[in-house]
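S.K.: So the chains spell out like this:
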Amino acid sequence: MMSIDQQREALNHSGLEMFSLCKKQLVNAQEAFFTHDNDLAEEVIHTENRVNGLDLKIDRDCERFIALYNPVAGDLRFVLALRKINFDLERIGDHSYGISKYIVEIDLTPDERLLELLQVKEMFDSALSMLDDISEAYKSGNSKKARKVFKKDKVLNKINMKAFGIISTEVKKDPQIIDQVMLLFSVIKKLERIGDLVTNIAEEIIFFKEAEVVKHQKKSAVKRKK
Amino acid sequence: METKIKSAVIDPSIKKKHKLEAKAVKVYYDGFTAIKGIDMNIKANKVTAFIGPSGCGKSTFLRLFNRMNDYVDGFRMEGEILIDGENIYKKKVNVEQLRKQVGMVFQKPNPFPKSIFENVAYGLKIQGINDKKYLLERVEESLKQVALWDEVKDNLNKSALALSGGQQQRLCIARTLAVEPSIILMDEPTSALDPLSTAKIEELIYQLKNQYTIVIVTHNMQQAGRVSDYTAFFYMGELIEYDSSKKLFTNPEKKQTENYITGRFG
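In the order they appear, the protein sequences are chains S and B.
For the first sequence, numbering that gives the first Met the number 0 gives the first residue as 0, with consecutive numbering after it.
For the second sequence, numbering that gives the first Met the number 0 gives the first residue as 0, with consecutive numbering after it.
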């Protein structure tokens with residue numbers, strides 16, 4: 000029989016694997032998007048099966064951990080947090096898959112000027128940087144680091160909000176770009192959602208490490224507290 | 000008599016104050032210090048669980064509340080134990096009267112080798128109560144309180160030893176309730192029972208807390224979390240942490256408590 004520590008370590012390891020897999024999916028989706036690399040996009044689409052498989056495994060292992068080890072206190076918070084983190088990571092995987100699907104199925108090369116105007120690269124970079132921070136926070140159990148992503152999410156939200164106005168102006172100037180902007184706007188929405196999912200993960204890490212629920216709170220207040 | 004129980008329940012002055020208090024309590028068995036100075040208040044009409052590894056002093060501490068340790072060889076106590084503000088270790092205290100007020104349920108069901116009726120009526124009879132109608136009323140009421148009445152009402156003269164373990168334990172609780180205590184001490188009351196009987200006793204504890212102050216010693220963490228309002232963690236004769244069970248089992252203050260409740264030591 001595995002001890003509760005060994006079982007928890009095994010779960011933690013699966014969590015790390017999920018982080019690394021989902022991050023790789025987003026990195027590849029970004030590269031495929033900017034280099035128009037259909038093969039790489041296809042790879043992301045195929046790897047989605049692995050993400051789903053690992054998602055199911057973690058869910059099942061969490062359920063067994065709760066049923067067989069009756070965790071309380073820190074152990075319980077860990078497994079509850081991991082289950083939600085796993086859900087959020089799987090959704091991040093879905094968004095990378097979605098972006099890759101666009102690349103393969105909508106054969107469009109967005110105009111460089113539009114990409115720059117809409118700050119798509121900045122969005123990818125911010126989302127990836129947030130994912131890096133949160134992986135590190137999970138790995139080291141550092142809830143202070145987890146709090147960092149709240150600020151970075153604001154960058155994503157800002158670019159997303161600005162996109163409305165930019166698209167409106169650009170389409171009025173040249174209605175021919177409608178297909179391009181629809182594609183870009185869909186990608187922007189996905190990246191903005193990834194930012195939200197990473198902040199959800201941060202909330203779970205804070206719950207697990209500090210037994211504090213920071214969901215649905217103004218994040219500026221959350222940061223001030225510590 | 001029923002009015003008497005209810006008055007103890009509803010009286011708001013009792014609800015507000017601490018039912019049981021321990022002040023700087025130390026217990027020695029010959030040279031060994033079993034309790035190393037504990038201060039603790041236990042609220043009325045609440046269930047308080049004592050947890051901790053074997054030999055941590057939780058049972059010794061529980062037994063102080065009805066002076067069950069008095070006859071243990073080498074027992075010596077310092078400090079005060081107060082019930083409703085009265086020190087129960089004063090010389091003038093009538094121990095028999097005290098135990099009427101503070102009932103106890105043990106780990107192993109211990110019915111007397113008598114009929115079901117005689118078991119429940121026993122405490123009343125030794126108090127000199129022989130009014131059959133009144134005895135029957137009390138027996139019925141006590142058995143109803145422990146949800147055993149429907150199972151045994153047609154066999155009250157049957158030997159209590161013929162009951163199942165879970166039924167015997169509920170019978171022992173009924174025997175305790177018959178003398179109308181205000182406090183019930185339970186020393187691992189379900190550790191010898193199967194899960195279904197355990198669930199029945201736990202449900203019973205939950206219902207009884209409206210009328211009684213209950214203190215329960217248990218090795219079952221889940222049980223402590225389920226049935227108690229407050230939990231006290233003891234270790235090596237000391238009270239390490241005492242908090243609401245919700246807090247203690249989700250986010251204990253002390254690392255030692257966390258290590259114990261998560262099964263990492265003890």
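Hints are computed from structural coordinates only; laboratory data are not their basis.
Remember, predicted model here, so these are calculated numbers, not experimental data.
Just to be clear, a hint being listed does not mean it is correct.
[Claimed, not checked] Cross-link-like lysine-lysine pairs, in silico, DSS-like; alpha carbons within 30 Å at most: (1) K199/B to K214/S; (2) K143/S to K254/B; (3) K208/S to K199/B; (4) K147/S to K107/B; (5) K218/S to K208/B; (6) K246/B to K208/B; (7) K83/S to K199/B; (8) K83/S to K90/B; (9) K199/B to K107/B.
[Stated by the list, open to error] Not close to chain B: a few residues of chain S, all C-beta gaps over 12 Å, as computed: (10) Y68; (11) N69; (12) L107; (13) E209.
Cβ atoms here follow ideal geometry from the backbone N, Cα and C, with glycine treated the same way.
S.K.: CA of K199/B to CA of K214/S, is that 30 Å or under?
M.R.: violated (38 Å)
S.K.: Is the claim that E209/S lies outside the interface with chain B correct, judged by CB distances over 12 Å?
M.R.: Nearest chain B Cβ is 9 Å from E209/S, so the label is violated.
S.K.: K143/S and K254/B: Cα distance at most 30 Å?
M.R.: Measuring from Cα to Cα gives roughly 21 Å; hence the hint holds.
S.K.: Please settle this one: N69/S was flagged as non-interface, so is its CB more than 12 Å from every CB on chain B?
M.R.: violated (6 Å)
S.K.: Straight-line Cα separation of K246/B and K208/B no greater than 30 Å?
M.R.: holds (20 Å)
S.K.: Over 12 Å to the closest beta carbon of chain B is the bar; see if Y68/S clears it.
M.R.: violated (8 Å)
S.K.: Given the hint that K147/S pairs with K107/B, does the C-alpha gap stay at or below 30 Å?
M.R.: At roughly 56 Å apart (the allowed maximum being 30 Å), K107/B and K147/S break the hint.
S.K.: Keeping to a limit of 30 Å between CA atoms, is the pair of K199/B and K107/B held or broken?
M.R.: holds (16 Å)
S.K.: Taking 12 Å as the cut and beta carbons as the points, is L107/S off the interface with chain B?
M.R.: Holds, because the least Cβ-Cβ distance between L107/S and chain B comes to about 51 Å, which exceeds 12 Å.
S.K.: K83/S and K90/B were given as a pair; does the straight-line alpha-carbon distance stay at or below 30 Å?
M.R.: violated (60 Å)
S.K.: Would you mind confirming whether the straight-line C-alpha gap from K218/S to K208/B stays at or under 30 Å?
M.R.: Given pair K218/S, K208/B is violated - Cα atoms ~42 Å apart, limit 30 Å.
S.K.: Would you mind confirming whether the straight-line C-alpha gap from K208/S to K199/B stays at or under 30 Å?
M.R.: violated (36 Å)
Of the numbered hints stated above, those contradicted by the structure are hints 1, 3, 4, 5, 7, 8, 10, 11, 13, listed in ascending order.
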